[in-house]
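*Asks:* Listed below, chain by chain, are the residues.
There are 2 protein chains.
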Amino acid sequence: MLLNGIPNDNIPLTDRGLHYGDGLFETLAVVKGRPQLWDRHMARLARGEAALHLPSMDRSRLLLEAESLCEGCEQGVLKILVTRGSGGRGYRPPVPCDPRRILSLHPWPEIPATWYSDGIRLRVCDMRWSRNPKLAGLKHLNRLEQVLARQEWDDPGIGEGLMLDEFNSVISGTQSNLFLLRSGRLQTPDLSYSGIAGTVRELVIECAAGLDLPVDITTLTLDDLMAADSLFMTNSLWGVCPVSRLADTDYALGQIPTRLREAVAAAV
Amino acid sequence: MLLNGIPNDNIPLTDRGLHYGDGLFETLAVVKGRPQLWDRHMARLARGEAALHLPSMDRSRLLLEAESLCEGCEQGVLKILVTRGSGGRGYRPPVPCDPRRILSLHPWPEIPATWYSDGIRLRVCDMRWSRNPKLAGLKHLNRLEQVLARQEWDDPGIGEGLMLDEFNSVISGTQSNLFLLRSGRLQTPDLSYSGIAGTVRELVIECAAGLDLPVDITTLTLDDLMAADSLFMTNSLWGVCPVSRLADTDYALGQIPTRLREAVAAAV
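For the record, the sequence lines run as chains L and E.
In the working numbering, each residue's number is its place in the first sequence (first place is 1) plus 521.
In the working numbering, each residue's number is its place in the second sequence (first place is 1) plus 521.
For reference, chain L alone in the conformation it holds in the complex (with noise of 0.2 Å):
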């Protein structure tokens, strides 16, 4: 792990990364040394800078720590973490402030092969997303909504948890995007005001138009999803992974466009 670019175990413990999750992160695949969807983790990460006021980190030195943590890597997954850096008791902010960054490699999940070959089930999560349009679609480190409905089961049969929202709208996965296809054309939740914007739900919804293929990013109930033709998750570990199943309701697999996951694939 690299603190600041250099060899360390520990942080300070008056990070309020630490106090009260002030900061940011991002999750990316490393293929052969390099991370991937590089520029797509950086435009969501400046995101998230914006909102959260924080200044800007240095893009070509955060890559060239990132290139020589990962070097040599065969498959692997690269956790950026960015926080506001130390500063007193309190929420108020310093200013200004003297944020930390912190590069971890971490070993390539198992993904079980029959997620892809023979779908996933589902399960539906009684923890709910709560609603903020100003923290929306970023990734934050307030994450225990998600820790907290990825706490719900155990059982290694279902492979995710859908997470609606106060409104019975379905946002997405406890750690993962949401598409449904019907009747040709693809759907996907509205994240203005919960959720967080994936790299590789953007990656979809860019490669669907190149397509033809149209894409509603919409308000979507269970009822939206029982409709449904089929269903796929996206994360930028997964990729796209079909839905065998939630609750009652099995789905055909297969009717993912073979284009869009190769143009995925390629990608990721």
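Don't read these hints as lab results, they were simulated from the structure.
A quick note: this is a predicted structure, and the numbers were derived from the prediction, not measured.
Glycine is no exception: its CB is placed at the ideal position from the N, C-alpha and C atoms.
Check the hints yourself; a few may be wrong.
Stated by the list, open to error - According to the in silico footprint, chain E covers these stretches of chain L (three or more CB under 8 Å from chain E): (1) 543–550; (2) 558–568; (3) 612–620.
Stated by the list, open to error - A few chain L residues that don't get close to chain E, going by computed Cβ distances all over 12 Å: (4) Glu-586; (5) Pro-633; (6) Asn-653; (7) Arg-664; (8) Glu-687; (9) Thr-742; (10) Ala-748; (11) Thr-779.
Got chain L sorted already, so can you dock chain E onto it with the hints?
*Replies:* For chain E alone, kept in the frame of chain L given last:
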């Protein structure tokens, strides 16, 4: 600072408090070496531990460590921070987990004497509280909304900012709870969906019952606040602090029952 009872300035970078805000905290006034309202703070911590499915911290050990840290401190602030401890990458909490406890002693903040004699001025923040009934009331580590609300002003003449929810209900200050007096009744926002249930808020509600002062825990709007006879804010360091002004509305001071102020002052 004490990390798990041992003087330390650092915490492992793998701590889930840093990565997800997966933990809780308490801020206690310290007077003559003794943390105040200990039982109330521990009761709120217990509610948080239950909600996060954290094992309960040993309270007698925590008190011993707190007293040792606060020894000789005439007046100060004790912060107790509890995290789920280290865990792998990913939202899913490790089972079992090995929580960490961090105790830190801070100088007493500068609270202007005029806040008590002349009241404090309030502003209304743009940042809203999000709503989540499973997290409301708890003092967990996901505090970005309050950080960003507190970041909205730096006029030292403004003592506190009011935060509303999505439905325009007034919830609290950025770091304090709110009460209003109207026609001989005390009213304070219902915190079932947002906000932090303060220890002094709890104390005021109990004291009022003993003084035959009716208390409504209810939904309040800015119009309700404008129509109030007087307002006051509470937190564990301020105690009870009258409000002089909110936007263009001036409030009468000295309407807070002396016996209520005295009862709270005696306990804080």
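*Asks:* Beyond 12 Å from every chain E Cβ: check whether that's true for Asn-653(L).
*Replies:* The claim breaks: Asn-653(L) does not keep its Cβ more than 12 Å from every Cβ of chain E (closest is about 4 Å).
*Asks:* Can you confirm whether chain E covers the region 612–620 of chain L, using C-beta to C-beta distances below 8 Å and requiring at least three such residues?
*Replies:* holds (count 4)
*Asks:* Regarding the assertion that Ala-748(L) does not contact chain E, is the least Cβ-Cβ distance greater than 12 Å?
*Replies:* Holds, because the least Cβ-Cβ distance between Ala-748(L) and chain E comes to about 28 Å, which exceeds 12 Å.
*Asks:* For Glu-586(L), is the shortest CB-to-CB distance to chain E above 12 Å, so the non-interface label stands?
*Replies:* holds (15 Å)
*Asks:* Do three or more residues of the region 543–550 of chain L come closer than 8 Å to chain E, measuring C-beta to C-beta?
*Replies:* holds (count 3)
*Asks:* Beyond 12 Å from chain E, beta-carbon-wise, is Arg-664(L)?
*Replies:* violated (4 Å)
*Asks:* Please check whether the beta-carbon of Glu-687(L) is more than 12 Å away from every beta-carbon in chain E.
*Replies:* violated (6 Å)
*Asks:* Should the label of Pro-633(L) as a non-interface residue stand, given a Cβ cut-off of 12 Å to chain E?
*Replies:* Pro-633(L) is indeed farther than 12 Å from all Cβ atoms of chain E, at 15 Å.
*Asks:* Test the statement that Thr-742(L) is away from the interface with chain E: the closest C-beta pair must be farther apart than 12 Å.
*Replies:* holds (19 Å)
*Asks:* At least three residues with a C-beta closer than 8 Å to a C-beta of chain E: is that true for the region 558–568 of chain L?
*Replies:* violated (count 0)
*Asks:* Any Cβ of chain E at or closer than 12 Å to Thr-779(L), or is the non-interface label fine?
*Replies:* The claim stands: Thr-779(L) keeps its Cβ more than 12 Å from every Cβ of chain E (closest is about 30 Å).
Hints 2, 6, 7 and 8, counting from the list given before, are not met by this structure.
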